[in-house]
Amino acid sequence: MKNPPTVSQKITINRPQVRNAFRPLTVKEMIQALADARYDDNIGVIILTGAGDKAFCSGGDQKVRGDYGGYKDDSGVHHLNVLDFQRQIRTCPNRLSRWWLATPSAVVTFCT
1 MKNPPTVSQK ITINRPQVRN AFRPLTVKEM IQALADARYD DNIGVIILTG
51 AGDKAFCSGG DQKVRGDYGG YKDDSGVHHL NVLDFQRQIR TCPNRLSRWW
101 LATPSAVVTF CT
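Its first residue numbered 1, the sequence shown is counted upward by one per residue in the working numbering.
Just so you know, these hints were derived from the structure itself, not from any lab.
Take these hints with a grain of salt, some might be off.
Taking lysine-lysine and the BS3-like style, the derived pairs with C-alpha atoms no more than 27 Å apart in a straight line are [stated by the list, open to error]:
#1 K28 to K10
#2 K54 to K28
#3 K28 to K63
#4 K10 to K54
Since we're looking at a predicted model, the values are computed, not measured.
Go ahead and model the full structure; you've got the sequences and the hints to work with.
Structure follows, in structure tokens:
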């Protein structure tokens, strides 16, 4: 690797009013943000954070789930798309390593 990446990219869950609980749109936006960062050769570090000072993420937004009979994808099929986001995190290459191996990561969330 001639020039290692030096830029970091921060992805923020911006729903502090519900302790950054995710809904299908939130997860879709996070998937897109991670994909954008993943394929930018200048980005070496991706930081996932939550807005506000109450919680990183309280999990799935149960109000959205309850109001609409469960999470659905764009075609109306029931789908827990947060699993797609988790898979994307686990398979994201580590550009600071010369072997480009996926960096193990874990996101721990607590329901409060």
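Hint check results:
About 16 Å separates the Cα atoms of K28 and K10, which keeps this hinted pair within 27 Å; it holds. Simply put, K54 and K28 have alpha-carbon atoms about 23 Å apart, close enough for the 27 Å limit, and the pair holds. Using a Cα cut-off of 27 Å, the hinted pair K28 and K63 holds, with the two alpha carbons roughly 18 Å apart. The hinted pair formed by K10 and K54 meets the criterion: a straight-line CA distance of about 18 Å does not exceed 27 Å.
Checked against the numbered hints above, the structure breaks none of them.
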